[in-house]
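The listed protein sequences derive, respectively, from chains A and B.
Numbering-wise, the working numbering puts 275 at position 275 of the first sequence, and it's gapless, one number per residue.
Numbering-wise, the working numbering puts 316 at position 316 of the second sequence, and it's gapless, one number per residue.
The set of hints was computed from the structure by calculation and includes no laboratory data.
Keep in mind that a hint or two might mislead.
[To be verified] Straight-line alpha carbon distances no greater than 35 Å define the calculated DSBU-like cross-link-like pairs of lysine-lysine that follow: (1) B/K181 / B/K113; (2) A/K100 / B/K77; (3) B/K181 / A/K117; (4) A/K167 / A/K136; (5) B/K177 / A/K136; (6) B/K176 / A/K100; (7) A/K135 / A/K335; (8) A/K335 / B/K190; (9) A/K181 / B/K176; (10) A/K181 / B/K177; (11) A/K167 / A/K335; (12) B/K175 / A/K135; (13) B/K77 / B/K146; (14) B/K161 / B/K138; (15) B/K113 / A/K100; (16) B/K181 / A/K136; (17) B/K146 / A/K136; (18) B/K181 / A/K131; (19) A/K115 / A/K136; (20) A/K181 / B/K113; (21) B/K181 / B/K146; (22) A/K335 / B/K256; (23) B/K175 / A/K131; (24) B/K256 / A/K136; (25) A/K131 / B/K176; (26) B/K113 / B/K94; (27) A/K135 / B/K176; (28) A/K135 / B/K177.
Note that the coordinates shown come from a computational prediction; the quantities given were computed from them, not determined experimentally.
Below are the chains, spelled out letter by letter.
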Amino acid sequence: MLMSSGVSDAFLAVSASASSRSPTPPALATGRRLFSALLPPSSSLSSSNRHFGPRRRLGRRSSTMAARAAAQRLENVDELIDSVETFLFDCDGVIWKGDKLIDGVPGTLDMLRSKGKRLVFVTNNSTKSRKQYGKKFETLGLSVTEEEIFASSFAAAAYLKSIDFPKDKKVYVIGEDGILKELELAGYQYLGGPVGAVVVGFDRYFNYYKVQYGTLCVRENPGCLFIATNRDAVTHLTDAQEWAGGGSMVGAICGSTQREPLVVGKPSTFMMDYLANKFGILKSQICMVGDRLDTDILFGQNGGCKTLLVLSGVTSLQMLQSPSNSIQPDFYTNKISDLVTLKAAAV
Amino acid sequence: MFATRTAALRSLRARRSSLTSHSFLSSLPPPAAMTTANGTKSPSTSQPLLPQAAQSLVDSVDAFLFDCDGVIWKGDKLIEGVPHALQALRSSGKKLVFVTNNSTKSRKQYARKFTSLGLDVSEEEIFSSSFAAAMFLKLRNFPREKKVYVIGEEGILEELKQAGFSCLGGPEDGKKKVELKTNFWFEHDKSVGAVVVGLDQYINYYKLQYATLCIRENPGCLFIATNRDAVGHMTDLQEWPGAGCMVAAVCGSTQKEPIVVGKPSTFLMDFLLERFQIDTTRMCMVGDRLDTDILFGKNAGCKTLLVLSGVTTMSDLQDPSNEIHPDYYASSVSDVVDLSDSLTKGQ
Numbered sequence: 001m002l003m004s005s006g007v008s009d010a011f012l013a014v015s016a017s018a019s020s021r022s023p024t025p026p027a028l029a030t031g032r033r034l035f036s037a038l039l040p041p042s043s044s045l046s047s048s049n050r051h052f053g054p055r056r057r058l059g060r061r062s063s064t065m066a067a068r069a070a071a072q073r074l075e076n077v078d079e080l081i082d083s084v085e086t087f088l089f090d091c092d093g094v095i096w097k098g099d100k101l102i103d104g105v106p107g108t109l110d111m112l113r114s115k116g117k118r119l120v121f122v123t124n125n126s127t128k129s130r131k132q133y134g135k136k137f138e139t140l141g142l143s144v145t146e147e148e149i150f151a152s153s154f155a156a157a158a159y160l161k162s163i164d165f166p167k168d169k170k171v172y173v174i175g176e177d178g179i180l181k182e183l184e185l186a187g188y189q190y191l192g193g194p195v196g197a198v199v200v201g202f203d204r205y206f207n208y209y210k211v212q213y214g215t216l217c218v219r220e221n222p223g224c225l226f227i228a229t230n231r232d233a234v235t236h237l238t239d240a241q242e243w244a245g246g247g248s249m250v251g252a253i254c255g256s257t258q259r260e261p262l263v264v265g266k267p268s269t270f271m272m273d274y275l276a277n278k279f280g281i282l283k284s285q286i287c288m289v290g291d292r293l294d295t296d297i298l299f300g301q302n303g304g305c306k307t308l309l310v311l312s313g314v315t316s317l318q319m320l321q322s323p324s325n326s327i328q329p330d331f332y333t334n335k336i337s338d339l340v341t342l343k344a345a346a347v
Numbered sequence: 001m002f003a004t005r006t007a008a009l010r011s012l013r014a015r016r017s018s019l020t021s022h023s024f025l026s027s028l029p030p031p032a033a034m035t036t037a038n039g040t041k042s043p044s045t046s047q048p049l050l051p052q053a054a055q056s057l058v059d060s061v062d063a064f065l066f067d068c069d070g071v072i073w074k075g076d077k078l079i080e081g082v083p084h085a086l087q088a089l090r091s092s093g094k095k096l097v098f099v100t101n102n103s104t105k106s107r108k109q110y111a112r113k114f115t116s117l118g119l120d121v122s123e124e125e126i127f128s129s130s131f132a133a134a135m136f137l138k139l140r141n142f143p144r145e146k147k148v149y150v151i152g153e154e155g156i157l158e159e160l161k162q163a164g165f166s167c168l169g170g171p172e173d174g175k176k177k178v179e180l181k182t183n184f185w186f187e188h189d190k191s192v193g194a195v196v197v198g199l200d201q202y203i204n205y206y207k208l209q210y211a212t213l214c215i216r217e218n219p220g221c222l223f224i225a226t227n228r229d230a231v232g233h234m235t236d237l238q239e240w241p242g243a244g245c246m247v248a249a250v251c252g253s254t255q256k257e258p259i260v261v262g263k264p265s266t267f268l269m270d271f272l273l274e275r276f277q278i279d280t281t282r283m284c285m286v287g288d289r290l291d292t293d294i295l296f297g298k299n300a301g302c303k304t305l306l307v308l309s310g311v312t313t314m315s316d317l318q319d320p321s322n323e324i325h326p327d328y329y330a331s332s333v334s335d336v337v338d339l340s341d342s343l344t345k346g347q
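Isolated chain A (complex conformation) (with noise of 0.2 Å):
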């Protein structure tokens, strides 16, 4: 952030970066120098980022194709739902906010599986496994198999899985339950051993212990991986307000260690990959319907599919058209229950 003009003169404002350049000082009148200059900021993260497909900046950037169209408000239901065989949905903001259900939601699920279209969710809330979800969407009245549910705390025990690490290393976690227990199903264990890899994610208990032990693994244990489930800024953890999301806790360690992780959730298209292999299906044959521009639209966008936008989340129709905005989604929409709605009005 640059400081506004109204302060006196004399600051020279350069964040720590191993690759800024120094301005040379002003010539001197008499022994003394004062620093006028004023430098902005430059950009903490480095463009080592390392995501699945193709290579992309975290942040609110579009793909490097040409600048996309606007977005347009979603009209034409049928001709969206036609051209489409799978829907992926972002849970928080999209299906819920907190534990409290969208409104018009189980409708607009079931009308969708009664046209015979696959649903998958796919979140970067790595706080539960899949099965604890399945559980979340059991009691909130949703009929969702555990098989249909995609978090990012699974992502990062099947990115482990398809990277083969061996057995007998050790994952430290700072993060919650749900990576835990992710890691348990796939064989993998964070208690013994040395350890090869930190999964850092959403943790509500966050301390200077995590951080210390996550640095040391990091920056001493030869080759050790530094993976991130996701990076959201904020999250609607309750339904009341935003809260500091994983992008926080991963920011941490990024700063200690001077590294950048690699990202399985969202907008890597690391679980795109994973379960279009798995349910066999074409990237074009898919809408992302996301509540996010820089987590949910990015993961459609680079995963080559159809991207709608619900304002029922964190986005706002202000930020959407916002000048400062270039991610673009096909579409958008007020919540998931348009679907239908918009569909019947047609009618």
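Following the hints, complete the assembly by docking chain B onto the known chain A.
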């Protein structure tokens, strides 16, 4: 320690000659060739502090600026040879200044630490990043009716209070917990006009959420970082995550960059210049970290000396990806004195 001054000098000369004869030269290899951006090899611009260089450095400098962690001490243990070196420099009329990014103590508290370690250093010679944060707000005329939320330790709180600002947060909030459940509302003070983030061993989710809400929701709220050091020698035995960790955590949830008041920002230099009225070209910054200490020195137009007694190793310095080249490098602070003819002769 020594019976007579002569004995002390004799011991020094012996040490110095042994240093130049074999162990020093073998422990500090000559500058390696470095690969430049276009792939050609060019000689490193950093020189080892050999006797002639040491003498020329001492002759050309009126003030020595010292980093503390990894240069003067590690945790609460003095680095070998430091007391003698500081004494010799003072005796020869050099000004000594201590510029530390460690914000856990105020200048007053640092003066006490120096005293307890047997070093004679006054408060006016110390410039800590905790002091920098308070001065930044003062110079900016931060309104007294606004509050400052602190993710950090006592040092920041003390400096802010001394400058007349009202604070929230600090170590006390390290005991607070959050409840993530339906209808729970996390309250934050709307009169917070600035968030200051520094090293905080009591970091937790409550503080992250509080700071996140202030920065995202209080109009015009400043986001100030005392520094962004990744790790540091908080104890004598090993490195620990530094402020860079806490700052990056808040960047992760706010998606904003902070104003950095500590090194490598040259903000503190203005205070130094006011006090000492010495041209920066007649100053030498002595530090153990390239991206803070050395960059600070270069940004300000000082000579720079990297000591290898802290976080940076020879291979870090010579790594092709390193773009920060100090004028000189040496094993530790005592080399400046031991290798300098005039200082060992006690002139």
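Structure-inconsistent hints, enumerated in ascending order: 1, 2, 11, 13, 15, 17, 20
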